[in-house]
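Chemist: Those sequence lines, one after another, are chains Y and A.
Residue numbering for the first sequence follows the numbering used here, beginning at 1 and increasing consecutively.
Residue numbering for the second sequence follows the numbering used here, beginning at 1001 and increasing consecutively.
By construction, these hints were calculated from the structure, which means they are not laboratory data.
Any given hint could be a false lead.
Covered by chain Y, per the in silico footprint, the following chain A stretches (three or more residues, Cβ under 8 Å) [as the list claims (entries may be wrong)]:
(1) 1039-1049
(2) 1080-1090
(3) 1111-1121
(4) 1290-1299
DSSO-like, lysine-lysine: derived pairs with alpha carbons at most 30 Å apart [stated by the list, open to error]:
(5) Lys1351/A with Lys88/Y
(6) Lys63/Y with Lys272/Y
(7) Lys5/Y with Lys351/Y
(8) Lys1252/A with Lys88/Y
(9) Lys340/Y with Lys1027/A
(10) Lys295/Y with Lys384/Y
(11) Lys384/Y with Lys1027/A
(12) Lys88/Y with Lys1088/A
(13) Lys1340/A with Lys1288/A
(14) Lys1295/A with Lys403/Y
(15) Lys63/Y with Lys1384/A
(16) Lys351/Y with Lys1403/A
(17) Lys340/Y with Lys295/Y
(18) Lys340/Y with Lys1063/A
(19) Lys27/Y with Lys1252/A
(20) Lys384/Y with Lys1063/A
(21) Lys1088/A with Lys340/Y
(22) Lys351/Y with Lys1370/A
(23) Lys1340/A with Lys27/Y
(24) Lys403/Y with Lys1403/A
(25) Lys1403/A with Lys63/Y
(26) Lys1027/A with Lys370/Y
Okay, the calculated bits of chain A under chain Y, using three or more residues with CB under 8 Å as the criterion [claimed, not checked]:
(27) 1162-1169
(28) 1335-1341
Just so you know, even glycine gets a beta-carbon here, dropped at the ideal spot from N, CA and C.
Each chain, written out:
2 protein chains.
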Amino acid sequence: MNMGKRVAGGVTAAGGFMAAGVAAGVKYEGRKDMALVYSEAPCIVAGVFTSNVVKAAPVVWDKEVVDSGRDVHAVIVNSGIANACTGKQGFAYCRETAEAAAEALGIREDGVLVASTGVIGMQLPMDKVRAGVHMLAGAKADSPEAGADAACAIMTTDTVSKEAAVTVEIGGKTVTVGGMCKGSGMIHPNMCTMLAFVTTDVRITRELLQEALRRDVQDTFNMISVDGDTSTNDTLLVLANGEAGNPLIAEKGEDYDAFCQALHEINEILAKKMAGDGEGATALFEAKVIHAANKDDARLLARSVICSSLTKAAIFGHDANWGRILCALGYSGAVFDPEKMELYFESRAGKMLIYRDGQAADYSEEEATKLLSEPEVTVIADMKMGEAAASAWGCDLSYEYVKINADYRS
Amino acid sequence: MNMGKRVAGGVTAAGGFMAAGVAAGVKYEGRKDMALVYSEAPCIVAGVFTSNVVKAAPVVWDKEVVDSGRDVHAVIVNSGIANACTGKQGFAYCRETAEAAAEALGIREDGVLVASTGVIGMQLPMDKVRAGVHMLAGAKADSPEAGADAACAIMTTDTVSKEAAVTVEIGGKTVTVGGMCKGSGMIHPNMCTMLAFVTTDVRITRELLQEALRRDVQDTFNMISVDGDTSTNDTLLVLANGEAGNPLIAEKGEDYDAFCQALHEINEILAKKMAGDGEGATALFEAKVIHAANKDDARLLARSVICSSLTKAAIFGHDANWGRILCALGYSGAVFDPEKMELYFESRAGKMLIYRDGQAADYSEEEATKLLSEPEVTVIADMKMGEAAASAWGCDLSYEYVKINADYRS
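The shape of chain Y in the complex, shown without the other chains:
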């Protein structure tokens, strides 16, 4: 499969998409806190949402829209307040936000998606949200700057905004897939929530778009974790408006595979950006499992390692404490032979065999610490069982994580 071509921009990279980010004063002072993604042409939409029993009001709203199969035109996002655990009032506010967007943009209210991220249990200040929606409608543009504004407006404890876009040739046409996200994780997201929005001008059926998304998240967003807490608000939406003019992708085949590859690239890039910007993180930490007995085991093993608090703290300390990694593999639920497998550390500084034959390999702690002091660190677990592989991405556990979360609401 050919890789997509990386291009500048995010949600406005694909043809026909506009965006905006404005300071509506929902909760934060002096920064952008509301975002719009908009397409004049109707979009089909696919979505995946938090598996948490406690679902925020916008998740309930969006699931209904996605399941209905209706075309959509806009997504309204606010940061600062999650609109979760807000009862009937909270759900009514989703409708009021959609109504305001419908009025400001001249579209149907049932074609508006909403998303929120921030503190749980607080009600949205609807006057400010309504005013924000009107500001967004006035500010919307198809420029890279407008996309960047939107990406900034959805941040909470994120330290950098997160965007990416790729192009791919499908049926003689250039198809663009772009996206933005915030937060850290899908299965195990930071409470301040993972939100991701992908836009594309591909022509594809709604069924295939949903299937492509559902399949791909297993190896991308579901393989990252910052702290093991699955948010009430996690939302990943893909909007497709067909403006690329490629022959409609209505069945699996070469065109579908090419689109899936582009979607996968965007999802993986965004997922890794989230993991690397986990709260308090100083390093992106990847666990790459190879030669596992099967794909499920490979995923279990990789995720177990990047979820281990002790391993994460050791990575923060640049300490080659491989025993903790072996331990995390051991309680993952996958079966393997600790005497047969091998562990390696890898980063820009090199690659090093750390463990084999049931005990430490002959390596230099000093060299290992140097290798682990890079901003991107990978542990490779060669299970010597079969042919399956998987990667998972997380980050280290730092003082800063505790600081951010001990005092998040103040």
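Once you've looked at the hints, dock chain A against the given chain Y.
Modeler: Chain A in isolation, oriented as in the chain Y frame:
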């Protein structure tokens, strides 16, 4: 069921048990690091061990002894080095330790249990271990002081030693159950490992002792967590030498229930001590789930709350961030109605309704912070589903946790 009577002491409280703790210089300098528990009279032994696929050598050794049904006389424990991921050599060291103990104590080597806790992947310095075993044999005594020495010697990052004992009347005789432990957790222990040793002079069959232990850990040691990492070394042993002279407990009934109650008290006390002394902890954090649909759900819900990093960080910050608790209940795997349940915080400072009807109750943040500033904090989740209840114990997540674990091996 009558509660047992709390008495002073730990592993030497029960009749016929001796203990010792000495500084053998295994890894730590200037502190006790080897412990002995000994009974001249032969003991039956029950045990539960880590579920980790990667098992330390002493776990493999002890499982074999427990499964064999052989009588035992002694347990030798070292701190500093875990003897995990040490290959064949590590297992050979278990045997050499048992041989040394057999020689020093005049007992059979196959009646010696061993346990280790500390750094993974390092080999034991056997000269020091052998010398330590001989020191232990010389120092052993049945005094409370000897028990306290042993409890100190098994500590790693523990900040306090952990002992408890109770007595109970069975068949007209006073039966004592006492124990010591270190570390933090069974299902989710701190990598520096949970080790717990319970001694009792009850007369009971080996089968019933094992059953009592296996049943009780589900509500005690398996309900605590410090950081979600299941150690390679977790071991809980119960030794019974029959010296109380009660009529042999060979079937279930009043006597068995009385013993189970005493065992439960010791296990719960020790488990809570471990949770409260979790690495870096400033508070013991209890999650009490009531009116759950069934016992499995109650346990799932309670454990999910005390395992949530975000909730633990909020407890450290004395922040009544109940949304994180609701979120953790939501991803626990148990099904419930967030609109119907209620949440309370409770501590020595009082009890407060925090959440009901799907949203925040009308409470004072200031009062809540005061309540959460106590050294023992409980959240009560009333699921309004049925009659099942469960408690789980953890601790807050502090800067100190990160510090300890970023730099554990140096």
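Chemist: Just to be careful, I want the Cα atoms of Lys340/Y and Lys1027/A compared with a cutoff of 30 Å; is the pair within it?
Modeler: 28 Å, holds
Chemist: Quick one, are Lys1340/A and Lys27/Y close enough, alpha carbons at most 30 Å?
Modeler: With Cα atoms ~28 Å apart, Lys1340/A and Lys27/Y stay inside 30 Å; holds.
Chemist: Lys340/Y and Lys1063/A: Cα distance at most 30 Å?
Modeler: Answer holds: Lys340/Y to Lys1063/A is near 22 Å, not above 30 Å.
Chemist: Keeping to a limit of 30 Å between CA atoms, is the pair of Lys1027/A and Lys370/Y held or broken?
Modeler: Holds - the C-alpha atoms of Lys370/Y and Lys1027/A are around 25 Å apart, at most 30 Å.
Chemist: Within a Cα-Cα threshold of 30 Å, do Lys384/Y and Lys1027/A meet the stated pairing?
Modeler: 34 Å, violated
Chemist: Given as covered by chain Y, does the region 1290-1299 of chain A meet the bar of three residues or more with CB within less than 8 Å?
Modeler: Our answer is that it is violated, as 0 residues pass the Cβ test (under 8 Å) against chain Y, missing three.
Chemist: Would you check the hint for Lys1403/A and Lys63/Y, treating anything up to 30 Å between C-alpha atoms as holding?
Modeler: Since the Cα atoms of Lys1403/A and Lys63/Y sit roughly 42 Å apart, the hinted pair is violated (cutoff 30 Å).
Chemist: Tell me whether the statement that chain Y covers the region 1162-1169 of chain A is true, taking a Cβ distance below 8 Å and needing three residues at minimum.
Modeler: With 0 residues close enough to chain Y, the hint is violated.
Chemist: Run the distance test for Lys1295/A versus Lys403/Y: straight-line Cα separation, threshold 30 Å.
Modeler: 35 Å, violated
Chemist: Hinted pair, alpha-carbon criterion (30 Å max): Lys340/Y, Lys295/Y. Please report holds or violated.
Modeler: The hint holds at about 19 Å.
Chemist: Hey, Lys295/Y versus Lys384/Y, does the alpha-carbon distance stay inside 30 Å?
Modeler: Roughly 14 Å separates the two Cα atoms, so the pair holds.
Chemist: Three residues or more, CB to CB closer than 8 Å: is that satisfied between the region 1039-1049 of chain A and chain Y?
Modeler: Coverage by chain Y is violated for the region 1039-1049 of chain A (0 residues, Cβ < 8 Å).
Comparing the model with each numbered hint stated earlier shows that hints 1, 4, 8, 11, 12, 14, 19, 22, 25, 27 do not hold.
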